[in-house]
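Visitor: Per numbering that gives the first Met the number 0, the sequence shown starts with residue 0, numbered consecutively.
Everything labelled a hint here was simulated from the structure, so no lab data went into it.
Glycine included, each C-beta is placed from N, C-alpha and C at the ideal position.
Some clues are possibly wrong.
[Said to hold, decoys possible] Label-pair restraints from in silico Cβ distances:
1. 825 with 759: 30 to 40 Å
2. 484 with 192: 50 to 60 Å
3. 605 with 216: 57 to 67 Å
4. 780 with 56: 45 to 55 Å
5. 582 with 520: 23 to 33 Å
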Amino acid sequence: MLTAGAVAAAPLDGLALAAPGDPIDIRLGVNERFARVEFAGPIGSRARIRREGNTVVVRVGSTAAPDVALLRVNPPRGVASVETRAVQSATEIVLTLADGADARFGQADGAAYVNIFPPGQSAEAPGAPAETVAVGAEVHGGVLTLDFDWRTPTPAAVFRRGDAVWVVFDASARLDLETPPDGLGPASGIRWVRGGDFTAVRIAVREDVAPVARSEGGRWIVTLGGEPAAPEAAVTLARDDDSGPTGMTAAVPGATRVLWIQDPTIGDRIGVVTARGPSKGLEHARRLVDLTLLPTAQGLALIASAEDLRVAVDGDLVRIGRPGGLHLSAPTDGLQQAAHAPEAPRAARLPALIDAEWADLGQADFGARYRQLQTSAAEEMAQGSGAPVEARLALARFLVGSGLHYEAIGVINALVQDDERMGGLAEARGLRGAARAAIGRLSEAQADFASGPLTGDTSAAVWRGYIASRQGEWEVARRAFSEGARAVDGFPAEWRTRFAVAHAEAALGVGDRDGARALIDYALNHANGPRQLLEVRLVQARLLEESGDAARAQAVYQAIARAPFEDLAVPASLHATRLGLAAGSLTPAEAVRRMEPLRWRWRGDAAELQVIRTLGGVYLSQGRYREALEVLRGAGTRMPDLPQAAELQADLSNAFRALFLEGAADGLQPIQAVALFEDFRELTPPGAEGDDMVRRLSRRLVDLDLLDRAAALLEYQVEHRLDGVAKASVATDAAAIRLMNREPQKALENLWGSRSTLLPTALQAERRALEARALMMLGRYDHALEVLASDASPAAQAVRADILWRQQDWAGAAALYEAGLGARWENETRLSAAEETQVTRAGIGYSLAREAAALARLNQRYGRFIEEARSPAAMRLALAPREDFSGLRDAERLAQSVDTFTGWVSQARARFRERTEEPRAEAA
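Using the sequences and the accompanying hints, generate a full structural model.
Guide: And the structure:
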């Protein structure tokens, strides 16, 4: 984990990129050294940040993409691009760093942050710590004060161990310390050591002397012997059961790193966590089985009792743990002890087991039994803090065993809310996880079974296998079922059958047909009731289908499809329809009529997504593109945890790509294609593929003279999706189309709004020529010539010739028109329309400029092309030799009628068409 560096050293100008109160509140601050992007809000503050090469990836727990439009349009210095991408159950914001840029990230002040340092700026704190640090030592009234002047904010830790106080700095320097004339007061000696990246000071002092630390800018002031004072803020400790094996966290705002230093008097190592000021510390020592936390005036310090103890800084949290979990006191320690009621359900032998006897009613009916357990739970809860929990757990067991899973979840949630330590109780997690899994809340159940109290528990492994199978994670399910094999027989027969079915599905998923067959046989022998039997038969039909026995599989599917259980009938109907379509017994239209109602009969799990995917594929195969996209998009981002959801999104993206990138939509009318694209614009892929899609659509519109719509498509890309060279390139195409449509002002807006200093030479020349042409069309001739400056490219010369023509500089314009033709006269093929216009204008120009020799030369070279010309009369008049130039009035009239704009439009269309065909040719 990278940390922030001393970010308080320079003021930041803040800019909110989201409305206050948004779940993901993105804020941007900038100063001379770096930019800071913060992710706040209920979801944003829990963002996880990582570095991948030259990118920083911010993962937020929301499938709804956060609004990064302003960040993308105006990225801070040091960021080349900003993109978002959907991942399972979350969204990732990808910040691509510019060459030479650096980043630091972490969590502070209730937000996750990324500090971005542009090229040329060091990510280290400004004014690196001095090589030599002056230490002022002063004794007054028996109080020793040490003043460490680092000149820049430097993280530190101050703590006591035995008869010594330690001061550790997260920087390396030589200390310039002189003993005061009157001695060291309560201290008997000071020793310091300089490491490669740290400095440690050991002060021998009586055990009754408590250190006090405070920071003032780049100085740390440590006082020994005065009135004891608590740190400005307390380091808070918490049990962590949600991040894997049981561990603990310490909240240390501004924590930077973990240092392990040797204690010379004892010979062991001390783990030290340095932090920035102001001071925060742990007032009293804490002795645990695996470690001892030392009292600190600043930062955190600990002694490891276990060799595999792990300590890591994660933003403002210090995470402490072991691979197998810490040995912490049980959550129920300290509670009042209650005798177990003999008639109450007892705990199972494993925390995640369901005991078949929990639903036993004894001599009472269900209502009486339920009320009895509720009364006992209520009386127990009324005892207040420290009350036992056995009666409430007994009620939860009864509810889980009776299939009242929602009620069981409510009981456990109330228990945890009343005493949050109960979240670390293995049985509470197991009961709640089982209830959640039973009602399909798979992600919530997964969190319970992955918690620290259930790490390594075989009964929890069975549930993890069941959940993974339901989510289509076949390999994970197989491993988990293997880990929990010894616990399966402890479950009731109903759940053993469910687990066998889930395990069989996982076996099929990895291609183990023999294993699936054995599990199906087991499930058939233990199935309880017709519903569970049909559930087993459905998996058996899948096995038959994959074994090549489509006829028998079809018969089983059709039988299950008539069952009154919709969660089984819908997938069976889908499989039967799919097999019928593959065999040719159903037409695509008949298959669609059968599948459409299935979308609404059963919703909320993988079966719904399978129906949608199959239906969308049939629509696509029939060329019903709009229906296909609407069906696939209709699933939205619901059920994001299911693998089928990711597959469905991939289907949707692939369908859109096939339509607009691979030519599937070329058979549609251009207006229909554009309407379809605009209705599903959000599916446009990022990068070059998306740009190519839009360019191809724009080309089709240009071919039909729908220039305004074509330009609007490109302008949307420029405004919302692109930056840098890509933005300038697409804006150039939009400007050219606006000029074709005789809209020079809009063309200029496109060009001026996409200016960039680092563009390819050819693109710069094209943009100059377009800008000059737009200015010319607005009558701003001098400005247009200034833009062209010394550019002698063919496009610039063509614009310059048109400007001179409008300024009636006939000789200059004629010379440029002739030069633009090059040696075209040596080619015997017919002149193009644009070339004809150039020859005609050159002849008229020479006539009006009274340049007989130039006109004669032009006539000699191009006179033979007159007969095949599109306008032979105009060309003959323009090239006619003039000895006395008495017929100039005809030439003047012709000068007013000959227009080069049409020829330029034809050339621009051809260039645009060639550019949009290039990617397709490369792909082929």
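Visitor: Take the hints in turn and mark each one as holding or not.
Guide: Cross-check of the supplied hints:
1. At roughly 32 Å, the beta carbons of residue 825 and residue 759 sit within the given window of 30 to 40 Å.
2. In this structure the supplied range 50 to 60 Å holds for residue 484 paired with residue 192, their Cβ-Cβ distance being about 54 Å.
3. Checked against the given bound of 57 to 67 Å, the beta carbons of residue 605 and residue 216, roughly 59 Å apart, stay inside it.
4. Against the hinted window of 45 to 55 Å, the Cβ-Cβ separation of residue 780 and residue 56 comes to about 52 Å, which satisfies the hint.
5. Roughly 28 Å separates the CB atoms of residue 582 and residue 520, a value that falls within the hinted 23 to 33 Å.
Checked against the numbered hints above, the structure breaks none of them.
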